[in-house]
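Number of protein chains: 2
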Amino acid sequence: MQIPTFEDVLAAHARIAPHIHRTPVLTSSYLNDLTGAELFFKCENFQKAGAFKARGACNAVFGLSDEMAAKGVCTHSSGNHALSLSYAAGRRGIPCNVVMPRTAPQAKKDAVRGYGGVITECEPSTTSREAVFAEVQARTGGEFVHPYNDPRVIAGQATCSRELLDQVDGLDALIAPIGGGGMISGTCLTVRSTAPGVQVYAAEPKNADDAYRSFKAGHIIADDAPETIADGLKVPLKDLTWHFVQSTVTDIFTATEDQIIDAMKLTWKRMKIVMEPSCAVPLAAILANPEVFRGRRVGVIITGGNVDLDNLPWMKG
Amino acid sequence: MQIPTFEDVLAAHARIAPHIHRTPVLTSSYLNDLTGAELFFKCENFQKAGAFKARGACNAVFGLSDEMAAKGVCTHSSGNHALSLSYAAGRRGIPCNVVMPRTAPQAKKDAVRGYGGVITECEPSTTSREAVFAEVQARTGGEFVHPYNDPRVIAGQATCSRELLDQVDGLDALIAPIGGGGMISGTCLTVRSTAPGVQVYAAEPKNADDAYRSFKAGHIIADDAPETIADGLKVPLKDLTWHFVQSTVTDIFTATEDQIIDAMKLTWKRMKIVMEPSCAVPLAAILANPEVFRGRRVGVIITGGNVDLDNLPWMKG
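Order-wise, the sequence lines are chains A and B.
Just so you know, the working numbering puts 494 at position 184 of the first sequence, and the rest follows in order with no gaps.
Just so you know, the working numbering puts 349 at position 39 of the second sequence, and the rest follows in order with no gaps.
Only chain A is shown next, with the shape it has when bound in the complex:
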C-alpha cells in the first residue's frame, strides 16, 4: 500500500491545472440562517466531466510515461469515474477502455463515448465485471486506474480541498460525501498536511452506511448490495481509503433517503445548482446534526452534477 504524500498533491495540482476548472465557492444566506453555520459550497458539479473525479483521473493519466500512456488506460465504473477517465484520456489522446454494466443508464454510456471512451459491457454482477475487465486489460495492456483506491487518484482529489482552503479563510471543518472514500481521503491528506486544526466529516446514506459502521467498528465492513438514491456512494472502502478514514476523519454522519432528497431539492431551489443526490448527503447531515456545526465555518464539497433531468427523485411517486 503506497500512501500518497502532500508532495504528490502539489505535483498533481501542477499536472492537472491545464485540464480542470478551479471551481467557484458559493454561499447561501438562506442555508446559513437555516443551519446556524456559515457554509461554503465548493462546486465540483461545475468541474470538467461534471464531477471532482476529473481531478484524480487527470492526475493518473497525465502522470503516465509516454510508453505507458501509449497503451491507454482502463477501468470499471458505471458512473463519474468512467466519464472522467474518458475525458482525461481524450485530453491526452490515448485510448480509454471502460467496462460498464449493460444496465448502466444510456446517458452515462453516451457521455463516455462522447469523451472518446470505448465501452465493453458486462452483466451487472461482480463476477461478470471482474471477468470482463480482466479480459479487456489483458487484451489492451492499458493501465488500470481504480476509481478511488489508487494513490494517484487520491492525490488528484486532494487538490479540491487545497483550492477550497485557499478560497475561504478560517474554515473550522470540511464535510464531503463518502462512498469508496476517494474524496474524503484526498481531503484528509490536504487537511492533515496544511490545516491540521480543520476537522473532516464524512456523510453517508443510511441505506449504504458501510463506512459509518466500519468507522465505529474500527475495521472495514463492506455492504453487499446497498440501495440508495445516492448512487455514487454504494461502493465500499478499500485499504488505502480506510487508512485515511480511520486516521483522520473526525466523525461520519448518516442521512435517510428522504433527508437526502429534501436537501437536494432545497439546494437546487435556493442555490440554483444542478447536483447529484450524493452531493446532498452532507447538507442533510448538517441539517440533522445542527449542534455539531452551529457557529462554525464549514466547507461543503458538492461532488458532481451528472443527473438525469427526466428522472428527478421528487418527481417520483
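None of these hints come from the bench; they were simulated from the model.
Take the hints with a grain of salt, since some may be wrong.
Repeated chains share a single entry, so a pair holds when one copy, or any two copies, can fit it.
[Unchecked claim] Okay, derived cross-link-like pairs now, DSSO-like style, lysine-lysine, Cα gap no bigger than 27 Å in a straight line:
1) Lys-526 - Lys-548
2) Lys-418 - Lys-579
3) Lys-381 - Lys-418
4) Lys-418 - Lys-575
5) Lys-575 - Lys-419
Given chain A's structure and the hints, the job is docking chain B onto it.
Same frame as chain A, but now just chain B:
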C-alpha cells in the same frame, strides 16, 4: 424622462456592493464547441433573491433619503422584481408593499413574504392592478419603484455588465434577454460608456416579440397579452428602455418556445445550473444564428433562477 448616466452606475455599484453578490462567470467547452463561439455566462441566477433584479431594487432602496425611506417602497409585479424589492427593503428595514395578482404562483408569494414584503392581491387584469396599486400607494405613501422603467433601476442593472466586462477580457459582444428592457438598457449604458466597441444583442421569445417588432418598426409596439414559457419577458418596452434599445442595441433575435425549452434543458444538463426559461432565450438565439456569433467572445447574461422545480417545462406533455 431622466436618462441615467455612467456616474449613476458607479454610484449604484458602490451603494449596492454590500447587498449583492459579485456573481461568477462560468464557461462550457461543450457549448463553445456546439456554437463555435466563446461563451461567458454571467450567473445572475446566483444573485441575491435569485435574479439580477436585486441590483436595481437595492440601488433604488438604498438611494432613498431617510425621510423617504421611512414610508417604504411599493410596486406591482408577479415576478422577480417583487422578490428583489422585498429583499432590498428588508435589508434596509423599511416597509415594502407589493401588488400581485391573486393567481401568481404560491411559491412567489411565499418568497415575497419570506423577505418581509406585504402583498395586496389584485385580479389578474391591468385595470384591477392599476386600481389596487393606486390605493396601496395612496395609503402607504411609499416610493414607487417600477420594475424597469426607472433610472435608478437601470443604473443598478448596469452594474451586472460592468462586472462582466471586468471579469472577462476582450469581449466582442454581450447578449441578454429582453422583456421590459431593464437589463438590456443597463447593459447598453455600461457598454456605450466603457466599451463602445462591444455589440449588444437582445433575445426575445417569438411568442412575445414586441421588442423585436418595435426595433424593426422604429417605435414602441406593445403586445396585448403574450403567452410564453419565458414568463419574465412578457412586459412591453417603456420610454426609458426604448431610448437605450433604439440607440444602442445592434440587433434583436427571437426564439420559439421549443428552442427556448431545448436551450434551457441543455444548459441545465451541461452547465449544471438552475435557471429560468427566460435565461435560455439568448442561448437559443445563438444556436439559431450561429453565423453572427461564430469565432467571437460573447458574454451571456443568465438573468435568474427562480423556477418551480415541480413544474419543469420538459416534464409537460
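Now for the hints, and whether the structure bears them out:
In this assembly of identical chains, the alpha carbons of Lys-526 and Lys-548 lie at most 27 Å apart only when taken from the same copy (16 Å versus 66 Å across copies). Taking the shortest alpha-carbon separations for Lys-418 and Lys-579, both the intra-copy value of 25 Å and the inter-copy value of 12 Å come in at or below 27 Å. Taking the shortest alpha-carbon separations for Lys-381 and Lys-418, only the intra-copy value of 24 Å comes in at or below 27 Å, while the best inter-copy value is 56 Å. In this homomeric assembly, Lys-418 and Lys-575 come within 27 Å of each other (Cα to Cα) both inside a single copy, at 22 Å, and across copies, at 17 Å.
For the homomeric pair Lys-575 and Lys-419, the shortest alpha-carbon distances inside one copy (26 Å) and between copies (19 Å) are both at most 27 Å.
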